[in-house]
Amino acid sequence: MPLLSVNHLRAAFHTRAGVVRAVRDVSFQIERGETLGLVGESGSGKSVTCYSIMGLLPQPPGRVEGGQAVFDGVDLLTLSPRQLNQYRGRRISMIFQDPMTSLNPYLRIGTQLIEPLLIHEKIGRAEARRRALDMMAEVGLPDPTHRLRMYPHEFSGGMRQRVMIAMALMTRPDLLIADEPTTALDVTVQAQILDLMKKMREELGMAILLISHDLGVVSGFCDRVMVMYAGSVMESARTGDLFYHTKHPYTRALQKSIPALQVKGRELYTIAGAPPDLLHPLPGCPFAPRCEYVIDACAREEMAPLEVAPAHCSACLRAQKEDLPW
Amino acid sequence: MPPPALHPDEKSASFWRDAWHRLWQNKLALFGLLVVAVLSLVCGLAAPLCGHLIGYSYEQQNLALGPVPPNHAHWLGTDRMGRDLLARLLYGGRISLMVGLLATVVSLVIGVLYGAVSGFAGGKVDMALMRLVDILYALPFTIFVILLMVFFGRNIILLFVAIGAVEWLTMARIVRGQVMAVKQQEFIEAARALGLRRRRILFRHILPNLLGPIIVYATLTVPEVMLLEAFLSFLGLGVQPPHSSWGVLIKEGAEVMEEYPWLLTYPAAAMALTLFSLNFLGDGLRDALDVRGSKD
Amino acid sequence: MIRFVARRFLETIPVLFILATATFFMMRLAPGGPFATEKQAGREVRARMEAHYGLDKPLFQQYLLQMKHLLRGDLGPSYKYPSRTVNEIIAKAFPVSAELGLEALAVALVLGLLAGMVAALQQNTFWDHGPMSLAMIGLCVPTFVMGPLLISAFALHLGWFNAAGWYWPRDRVLPALTLGAFYAAYVARLARGGLLEVLRQDFIRTAQAKGAGPSRILFRHALRGGMLPVVSFLGPAIAGLLTGSFVVETIFGIPGLGRFFVTAAFNRDYFMIMGSVLFYAVFVIAMNLVVDVVLVWLNPKLRFD
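Chains as they are written, first to last, in the working numbering: chain B, 237 to 562; chain H, 454 to 749; chain P, 97 to 401.
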């Protein structure tokens with residue numbers, strides 16, 4: 237049985253301007269110890285998907301409208317906040333994009349680090365502090381004893397993210413959800429953080445759901461990758477298959493857009509058109525207006541990801557008909 | 454703050470229109486606006502109104518009559534010297550509102566200038582100026598106003614200036630905070646990169662961002678000023694006879710609260726209503742214009 | 097930390113000096129004097145009284161004399177109460193005002209924080225609009241209306257308290273409530289605003305992701321940041337409580353410093369005025385120092401730059 241099984245998840249924001257359908261029927265699975273990458277542009281619904289699973293959607297405008305998120309046999313979406321707290325921070329941890337705003341500026345690092353232990357395990361402060369020091373050494377923070385008593389603003393961006401990782405892994409969770417953990421960091425620091433996460437993955441064996449808009453980050457890190465656009469899943473496959481044998485025009489266009497991979501001196505490739513209006517979703521495939529390979533049926537027929545090759549799903553009509561021109 | 458677009462007209466339309474929309478939805482704030490508008494109008498026209506509609510002027514005494522509860526002839530009753538309360542209330546309102554408005558203008562002028570200079574100058578000048586504000590903030594200015602009013606006579610102009618001088622500190626802080634925040638915003642750098650001249654940047658981009666907090670805090674300063682005037686009147690230092698203000702009326706009413714309650718009720722209600730309205734309006738404006746606090 | 101306090105100290109000295117000078121000249125330049133209204137005394141007697149107090153000397157000489165006395169901590173005699181010195185009067189009256197102020201502050205903080213917290217946590221429900229409406233009333237009703245109203249309701253009609261006086265512990269209740277009401281209202285609004293602001297921050301989301309329950313999030317994460325606006329307000333609040341006490345002391349017949357000050361102002365009791373002003377200034381500056389220290393303790397980003 238997969239560790240996490242998300243089925244037909246739907247989430248929306250009820251704003252003054254209308255209902256924004258941020259997540260429209262998303263399904264995926266993560267096995268124990270597996271790393272799944274979730275890729276998409278801003279507004280594709282990748283973060284909202286994870287917030288919905290964790291029950292972190294801001295309730296007044298946001299709402300989970302349907303679907304299931306079954307974690308180890310329990311549908312998280314049916315749990316009360318108190319029941320959910322048994323899972324959050326203990327079996328499923330999450331780290332966020334901006335470590336400066338995600339850490340409490342008024343509390344010392346040490347206090348924040350030992351908090352998951354104090355909440356979820358019945359151990360004393362001294363013991364918790366000892367484990368915090370160990371963890372800090374694991375994540376490569378120098379001079380841990382000293383740093384425990386410092387405040388977030390005394391750390392650099394990379395170090396703060398290390399703290400967040402340490403904090404998330406204190407309780408040795410089964411699943412770590414990482415929402416764009418490297419986006420706010422310098423490129424060199426990005427690599428360090430990714431290496432750190434790889435190392436922790438080897439040591440602790442947890443499953444990871446990595447969200448990113450950066451294909452490069454995802455390609456070097458994940459076992460499988462899922463591509464989202466406008467709140468729907470476009471394609472999901474093993475990393476190698478997705479990049480070398482892609483079966484969706486959007487993924488292909490994304491790959492073509494990577495500047496480093498293009499011929500120098502030529503005009504840069506861009507995807508024509510603009511991102512869709514989530515307030516007024518059009519029928520059919522959301523990528524149809526911008527797709528190079530669009531056919532009439534694309535804008536009419538209901539799209540859903542279907543298996544088009546072993547362990548490889550695509551929502552593209554033409555892929556499903558084995559009609560892709562590449 | 455909502456990110457403003459670079460196109461000047463487009464920015465003004467969407468930000469202010471958005472704000473107006475939010476304000477329109479805030480029933481309480483609209484109520485406040487209505488009440489303030491009506492009261493200002495009525496009190497402002499107190500002079501002709503009194504004569505024709507009510508038939509009494511605010512100074513007309515009727516010692517034989519004495520204090521009378523509300524009745525047909527005197528809608529709100531009379532005070533100890535037989536003066537019609539409604540007339541006095543209208544005139545008093547005029548003075549109170551005027552004091553409120555003018556003192557606020559004084560504090561606004563001082564505060565905005567001080568804050569803008571400090572914010573623009575930056576560096577040591579800014580540090581020194583703000584340190585001064587910090588020190589002054591702590592001192593009970595009101596004591597000085599009391600001393601001023603006691604010593605230098607009961608001049609109504611002095612009253613405006615003195616009260617205004619108490620309230621400018623907050624405005625200075627707010628304005629300085631806004632100027633500093635806006636100065637650093639990336640769109641200013643973008644505007645410079647596009648080659649816009651400094652004056653254009655100042656007027657098109659920086660000033661509109663200052664307007665929001667200024668409007669909000671000005672609206673919230675008026676009730677504070679009116680309370681201060683009432684406080685001074687209680688000590689006998691506010692508006693002097695033959696003029697009266699709501700503060701004076703409340704003081705007189707409080708003295709005879711048990712025997713002639715209407716003398717306290719109506720002025721207090723009028724004052725409270727106005728203060729409510731202004732506060733609700735100010736709150737509504739603050740929400741609509743999405744203005745945050747002053748420090749950090 | 098020591099440097100912080102020391103720097104404050106150094107700043108205070110010139111401030112007090114300027115204050116004393118400004119007050120001195122303002123008083124002397126104003127028309128009238130302490131004995132101008134003693135109509136019974138003939139002009140000769142007046143002249144002699146003025147000479148006795150050194151009021152006939154040139155202005156600048158009086159100024160220097162005053163400064164010399166101040167440096168020695170001698171606040172001078174009182175004109176209105178010739179048998180007592182200003183130091184004595186302040187020493188007796190200040191504790192009364194201080195007690196009143198502290199009690200009003202307690203009212204403000206307890207009621208205000210409670211109301212503000214409840215309102216923030218129950219945003220946009222009855223428990224938000226209700227307390228905030230009450231707070232609005234507290235802001236819009238002047239102290240000298242609140243006082244007589246409370247007296248009328250609780251002392252005269254219900255008979256629970258005395259209408260005036262400062263003898264029994266029970267006498268403290270109405271004055272403290274009257275003085276504290278405005279500040280309770282202000283604190284409530286600030287607390288609510290501050291808390292709401294903090295609760296929107298990302299690190300609250302992180303705490304939720306860690307599985308923290310609502311009470312842990314409120315008390316360990318939100319409160320520290322949320323209380324900052326309230327603590328910042330304490331400085332001016334203390335100054336305000338001080339001046340507000342003038343009114344309350346008059347209404348309730350409390351023998352505090354406020355009443356003496358106002359009377360002194362009206363009577364041109366120069367030394368009393370000067371003494372009160374300086375005393376108040378020192379007190380308020382000291383209180384603000386305490387508040388600033390607390391502020392820095394709460395907000396590590398401000399650590400003694």
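Please note that a few of the clues may not be correct.
Claimed, not checked - In silico lysine to any residue, SDA-like type, Cα no more than 20 Å apart, as pairs:
no.	chain 1	residue 1	chain 2	residue 2
1	P	Lys397	B	Met336
2	P	Lys397	H	Met580
3	B	Lys358	P	Arg312
4	P	Lys397	H	Met633
5	H	Lys480	H	Asp740
Bear in mind the hints are in silico, worked out from the structure with no lab data behind them.
Quick rundown of the hints versus the structure:
no.: 1; hint: Lys397/P <-> Met336/B; in the structure: 13 Å, holds
no.: 2; hint: Lys397/P <-> Met580/H; in the structure: 18 Å, holds
no.: 3; hint: Lys358/B <-> Arg312/P; in the structure: 16 Å, holds
no.: 4; hint: Lys397/P <-> Met633/H; in the structure: 18 Å, holds
no.: 5; hint: Lys480/H <-> Asp740/H; in the structure: 13 Å, holds
Of the numbered hints stated above, none is contradicted by the structure.
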